[in-house]
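Chemist: Once you've looked at the hints, dock chain Z with the ligands against the given chain G.
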Amino acid sequence: MNIKRVTEKEFAAWVDALTPKHTLYAPQAKEDRFAFDRLTAGEDLRLDYDVSILPPKKYFLPQKEVLIKFDRKGNFESVIAHEPFVLFGVHPYDFVAMDQLNTIFEQDNYDVHYMARKEAATVVVSDVQVASADVFAGCMGNATVEDRDGYDVLLTRLDDGSYVVETRSEKGEVLTGLLSSAVDADEVTLQQREQVWNRTREQLQKHKLEMTPEQIPALLDKSYDHPLWAEKAELCHSCGSCNLVCPTCYCFTVEDELNWDMETGQRYRQWDGCMLTGFATVTGNHNFRDKKEARYRHRYYRKGKYVWDMIGEIACVGCGRCISACTTNIANPVEVFNQLSEEQQ
Amino acid sequence: MMSATELSQVRDIYLPQKATVTEIYSMTETEKFFRFHLEEGEAFDYMPGQFMEVSVPGFGEAPISISSSPTRVDKTTFEMVIRKAGNVTTALHALVPGEPVGLRGPYGTHFPVEDAMKGKDVVFVCGGIGLVPVRSAIHYVLDNRDQYGEVTILSGTRSPEDRLFTEELYEWKTRSDITFLETVDKADARWGGTVGVITTLLKRIQINPANTVVIVCGPPIMYKFVLLELRKLNVDNSQIYVSLERHMRCAVGKCGHCQINGLYACQKGAVFNYADIVDVKEAI
Ligand SMILES: Cc1cc2nc3c(=O)[nH]c(=O)nc-3n(C[C@H](O)[C@H](O)[C@H](O)COP(=O)(O)OP(=O)(O)OC[C@H]3O[C@@H](n4cnc5c(N)ncnc54)[C@H](O)[C@@H]3O)c2cc1C
Ligand code: SF4
Ligand code: SF4
Ligand code: FES
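Chain order of the listed sequences is G and Z.
Numbering (our numbering) for the first sequence: -5 to 339.
Numbering (our numbering) for the second sequence: 58 to 341.
So here's chain G without its partners, still in its complex pose (with noise of 0.2 Å):
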């Protein structure tokens, strides 16, 4: 596809053209910090955010959903989301959570719900341009993503404000289209991107883990009685907050409510986290994660093991935010498996 520069100018004015005509998600100031949010007027855009409150996965899975409309005489019908949308400015540690999401969601049973919205999504990434106080993607590969496929536009912002604009899709050039004026990146534009990848990479490392992120499920295959879970969880609140910001979380529960006609009504997914009470828990009281630490192990086997084994990723993408999250301190995957491998030595 192509690559175009585009001065700060162009890029707002391109970003002012394409808010009437799409309906955009984009990174937007909330308070003294960032969420994504429909984006109205192209002035509201922020790409110079940190980090989201709630990762972008939210437009592929939202924390409600409904599923499923019924009435009381046993008619069920699915509801199936079908409306073109624009995630724009999505950091590249959040496509990666979302790209893992697009294959669990795809394989095996395929969730029709899900893959609807993640068809009918355009997805921008924009290389970040501040890191956040805890984000270590860079230690876990997802700092910049060129080598990755599935979105459909790149930005990067060069020094000077200009943004360098890759398409590709067919998708992606239905937005930048729009950028047709503008020049086509040169040699010297592209070394200027390639440096600010490395920076980037360098810069967002504010936790660093002390192996490659591939170490990590043989780490966790000598890890599961480390006193470590226990240490830890100790301190645990079982609020759930480590699960509810992170990008790569996709447990849910199912429910169903009615109407004020009493007649009919919907069953709705939302969200769930494996760190609460009575995640596992079945008829008779029986809860099969009953301890802190049984949970508290769960969530980091969840994102160094078992989603390991499922897709051939780490679901820890290095976005920070649990660590940002949790209240008491220990929420830190990096501090997590350095000090098990510490230990192992």
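Quick caveat, the hints were computed from the structure, so don't treat them as lab data.
Check each hint, because a few of them may be wrong.
As the list claims (entries may be wrong) - Straight-line Cα separation of at most 27 Å, DSS-like style, residue types lysine-lysine; simulated pairs:
1) Lys286(G) to Lys281(Z)
2) Lys338(Z) to Lys285(G)
3) Lys281(Z) to Lys216(G)
4) Lys67(G) to Lys89(Z)
5) Lys24(G) to Lys200(G)
6) Lys338(Z) to Lys216(G)
7) Lys75(Z) to Lys89(Z)
Modeler: Same frame as chain G, now just chain Z with the ligands:
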């Protein structure tokens, strides 16, 4: 990439099919028997040990084992026994014949009635409501009786009032081509039978371990003790099948609730070969 029209043709893994309650009666204080009939008449192919997601519109859905055998009822009819445990199961208990439910499935693995059990002696070990899914396999085996060796059924409940399918238990007890033993944890004045936990029955039977397949299904606490007893009887782990209950929300390998370490119980179970999970820490 799929277009909107193509997507709308994809089967929705969460969509139930309409079914009707055709029969319902109380078996114990907390358990009711149900017979459901699929409305559209489209058959579900199922095997003993599999389960369905049963919906009461407005209340939700719950995973429930199929208790009937495909050898006895057509594949649009399902018998189930449901214990009143909470929201959905209470709504199920309030149904009367003619009322609608939703069914999707069948899900999960099944007892190896067509492979590992064929030609072998079979021992069924059922604790409490564990008899419900195993009944499907028992019917299957009894309906193809000549294809299996010795058949032994061991059943335990907390008290005589908790016994399910009492007429069938009587039939099994009186049949000469099977061995049926039962026990209760706590007897009442009328109980003339064995008293004690299920393992007391295992101590009484004689088996040829090399030629025996054992099916175990019951409440979570039962497994440890039964498996220990089976080890004493020299039954190899690979000859043992257990059905493990977990919290299940989706039954299609997505929601994460049923995970036993990395295993999805709704996909790789609920029936597991014990040798496959003996090293899985959260399993037993
Ligand atoms: C494979 C399988 C087969 C089963 N077969 C039978 C059967 O044949 N007969 C029968 O009576 N019961 C069976 N169950 C148990 C039954 O699914 C639960 O009792 C039921 O889901 C509880 O739902 P509820 O809405 O009535 O209870 P709730 O009001 O939701 O909760 C009551 C209690 O049940 C637990 N629970 C809730 N949802 C589930 C769930 N989906 N799975 C397990 N526990 C849950 C809750 O944590 C709580 O402790 C089976 C469960 C599984 C996993
Ligand atoms: S585990 Fe923490 S750092 Fe890793 S992806 Fe999830 S929220 Fe981000
Ligand atoms: S955020 Fe911290 S306290 Fe809350 S569940 Fe996660 S580890 Fe426990
Ligand atoms: S029940 Fe949802 S993953 Fe198994």
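Chemist: Taking the hints in turn, state whether each one holds.
Modeler: Checked hints:
1. With a CA separation close to 23 Å, the supplied pair lysine 286(G) and lysine 281(Z) stays within the 27 Å bound.
2. With a C-alpha separation of about 14 Å, the suggested pair lysine 338(Z) and lysine 285(G) falls inside the 27 Å cut-off, and the hint holds.
3. The straight-line distance between the Cα atoms of lysine 281(Z) and lysine 216(G) is roughly 25 Å, inside the 27 Å bound, and the hint therefore holds.
4. For a cut-off of 27 Å, the pair hint linking lysine 67(G) to lysine 89(Z) stands: about 22 Å separates their Cα positions.
5. Between lysine 24(G) and lysine 200(G), the direct Cα distance comes to roughly 23 Å. Compliance with the 27 Å bound is thereby established for this hinted pair.
6. Distance hint between lysine 338(Z) and lysine 216(G) is fulfilled; the C-alpha atoms sit about 13 Å from each other, no more than 27 Å.
7. Taken as a hint, the lysine 75(Z) and lysine 89(Z) pair is honoured in the structure, with Cα atoms around 20 Å apart against an allowance of 27 Å.
Going down the numbered hints, you'll see the structure goes against none, and every one checks out.
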